[in-house]
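S.K.: In case you want the letters, here they are:
Protein chains: 2
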Amino acid sequence: MHPKAILIAAVLLAAAPVAFAQTLAPRDVPARSLPVPTDVSPQLQQLIAAPLRTGWNTPPTTPEGWKQYAESIRAAAVPNVHAMQERLQVKVEPGVIDGVRIYTVTPKTIPAANRGRLLLQIHGGCYVLNPAEAALPEAMLIAAIGGFKVIAVDYRMPPEAYFPAALDDSMTVYKAALKKTEAKRIGFIGTSAGGALVLEMALKAKQDHLPMPGAIASGTPMSDATKTGDSFQTNAMVDNVLVSPDGFCDAAAAFYANGHDMHDPLISPVYGDMHGFPPTILTTGTRDLLLSNTVRVHRKLRNLGIDASLQVYEGQSHAYFGRDDRIPEVREAYTEIAGFLASHLKK
Amino acid sequence: MHPKAILIAAVLLAAAPVAFAQTLAPRDVPARSLPVPTDVSPQLQQLIAAPLRTGWNTPPTTPEGWKQYAESIRAAAVPNVHAMQERLQVKVEPGVIDGVRIYTVTPKTIPAANRGRLLLQIHGGCYVLNPAEAALPEAMLIAAIGGFKVIAVDYRMPPEAYFPAALDDSMTVYKAALKKTEAKRIGFIGTSAGGALVLEMALKAKQDHLPMPGAIASGTPMSDATKTGDSFQTNAMVDNVLVSPDGFCDAAAAFYANGHDMHDPLISPVYGDMHGFPPTILTTGTRDLLLSNTVRVHRKLRNLGIDASLQVYEGQSHAYFGRDDRIPEVREAYTEIAGFLASHLKK
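Protein sequences appear in the order of chains A and B. Take the first sequence: its letters are residues 1 to 347, numbered as in the numbering used here. Take the second sequence: its letters are residues 1001 to 1347, numbered as in the numbering used here.
Among the clues, some could well be false.
[Stated by the list, open to error] Restraint-style ranges between C-beta atoms, simulated for each label pair:
| no. | chain 1 | residue 1 | chain 2 | residue 2 | range |
| --- | --- | --- | --- | --- | --- |
| 1 | B | H1275 | A | E64 | 53 to 61 Å |
| 2 | A | T58 | B | Q1089 | 56 to 64 Å |
| 3 | A | R115 | B | T1226 | 18 to 26 Å |
| 4 | B | D1307 | A | S33 | 33 to 41 Å |
[Claimed, not checked] Simulated coverage check for chain B against chain A, where a stretch passes if three residues somewhere in it have a Cβ under 8 Å from a Cβ of chain A:
| no. | segment |
| --- | --- |
| 5 | 1028 to 1038 |
| 6 | 1044 to 1051 |
| 7 | 1145 to 1155 |
| 8 | 1228 to 1237 |
| 9 | 1279 to 1291 |
| 10 | 1313 to 1321 |
It is worth saying that the hints were derived from the structure and are not from the lab. Every residue, glycine too, gets a C-beta built ideally from N, C-alpha and C.
Isolated chain A, as found in the complex (with noise of 0.2 Å):
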């Protein structure tokens, strides 16, 4: 009936280990027009009808253009940020540990099996946004849906600092924490550049002989800065929120390393050796332009046979799952982070 297709089907199926095709030919995909899915909250179907990122392909050129455009964000994130430490009733104090800024944040109540327990949040924003109280949305999200103490980490970025800055100043304060905390009761977790800390700063306690934390949160981890990942390309213009990898995030995270080698584990952790690694989830969205980032850590985690989970969300474009609390999609990922970070801490 159809000779071409079983052809095909019979070559797919049998034949690719055997006979290599000389060129491998990519895959041309029309203009579509992508509908907004139906199937997830109407809150979240707004973040998906959003256009995309004003400005992703014009990121600053100097230093001081980037430290406006940071400072820009920064100033209005704060009233949204202000709005939910209200709705969540999270309390925030601003500190400093062994030099590095940090904010505490803690719940109304904490259940009596977190009590001894502490996670380190390290917040995303491409390795050059997101500073002071922009910093806090998902140390706040995580504190009040799991009722934990977090220390949110406000480290060092560009031009004030760079590589490995950001690496160091959390690890400053994962080993203060160690002084008070075992290490099994330390949970760290991140979104983005955060997601990549979190596994960066696993790596280094490795190097440098510090135990492992009780268990990781990497949400939609920069885990490969080398721009390599198969939905760079896919979600390309799909995902709305880093639209492409030749954007505004790929160009922040350039600004960070400073000339330092992208392949470098400490700035791509994909490329790292994960053995001894503690139990990790990790979050991500279909429309996310990292979610092979994301997927090629979890199954690198399996593959060595580390208890690593995966949660994807439907329509989500990088990050959503940490935006809004308002969002049922966002309460559902941070309900799911908080339960794998109970079952996993010590008590």
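Since the structure of chain A is already known, use the hints to place chain B on it.
M.R.: What follows is chain B alone, placed relative to chain A:
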């Protein structure tokens, strides 16, 4: 610096649940050329580089046409199935259980822990394709890689019989198996239509007051036959196997449904009540047209507190992970599935 960007960011962050847009704009994505990803095995790269399935949008239109199509695909598959059987060294014995055609697939050795266990494998093929030996690759893979005894169900298909014949035949074999083997020692495994059927079987078992199996492995399930699910759009023309929600597979499912309501959970199991489901592992790929169908089932199970594990493979279109035992990622996927079944089925 980027006042419009800041405005959009602020709107995305805070206003979504408050100020609802009146119309939900689709995302217009330009034509693109997606290179073959470099972070998968050379064998998998060959599959990814293959063109769209020929004839994907010209399915048969008559019962006789479908019969011929299914037969031609079966005939083309047989030599590959035999070669795979040879490589995997599994024994394949045809038989009949209470009137239903089956194959018993046995590995060379069965580990002691698996001797009291049994898997029922329900093949894929859009409810119309892959009769007889064409049904066997998944059964052989899990038998050989997992060390399980497997009964592969060669259920009736249209035009021989229509909905719910596939489900009825699968349930007949399950009921027969229950006479000899405790439910908690039985696992269900299936991919695509088979991935849906194993979920439908669990729903039907509840309806019929039969015990739940001990575990389920559902590969990229056709869990929603109503064409709902974001990846039907985002991965259209990207997935080179199913290609489009308006392709041969949906035509085949409609042929099977024979006018039955596609929202019935026994043909679109994502709409079913999954309370009480056993531990379930779900498998898909980042380019899979059914990525959303898979993650939606996963989230549904997780929100019910069920031990559900999601595995998403880089760059894979629909059901690549069951394609050929010589592809490293195929062995990886069945090793993962086998480990899940081994850790959840009662010994």
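S.K.: Mind checking the hinted window 18 to 26 Å against the Cβ distance between A:R115 and B:T1226?
M.R.: violated (48 Å)
S.K.: Would you check chain A against the segment 1145 to 1155 of chain B, counting CB to CB pairs closer than 8 Å, and say if three or more residues qualify?
M.R.: With 0 residues close enough to chain A, the hint is violated.
S.K.: Closer than 8 Å, Cβ to Cβ, for at least three residues: run that test on the segment 1313 to 1321 of chain B against chain A and report holds or violated.
M.R.: holds (count 3)
S.K.: Three residues or more, CB to CB closer than 8 Å: is that satisfied between the segment 1028 to 1038 of chain B and chain A?
M.R.: holds (count 11)
S.K.: Between the segment 1279 to 1291 of chain B and chain A, are there enough contacts, at least three residues with CB-CB distance under 8 Å, for the coverage claim to hold?
M.R.: Per the Cβ count (3), the hint holds.
S.K.: Take the segment 1228 to 1237 of chain B, compare each residue's beta carbon with every beta carbon of chain A, and decide whether three or more fall closer than 8 Å.
M.R.: holds (count 9)
S.K.: Tell me if chain A covers the segment 1044 to 1051 of chain B under the three-residue, 8 Å CB rule, please?
M.R.: Satisfied; 7 residues make the cut.
S.K.: Is 33 to 41 Å right for how far apart the beta carbons of B:D1307 and A:S33 are?
M.R.: holds (39 Å)
S.K.: Look at the Cβ atoms of B:H1275 and A:E64 and judge whether their distance stays inside 53 to 61 Å.
M.R.: holds (58 Å)
S.K.: Cβ-Cβ distance between A:T58 and B:Q1089: within 56 to 64 Å?
M.R.: Cβ of A:T58 to Cβ of B:Q1089: about 60 Å, so the range 56 to 64 Å holds.
Taken one by one, the earlier hints fail for this structure at numbers 3, 7, listed in ascending order.
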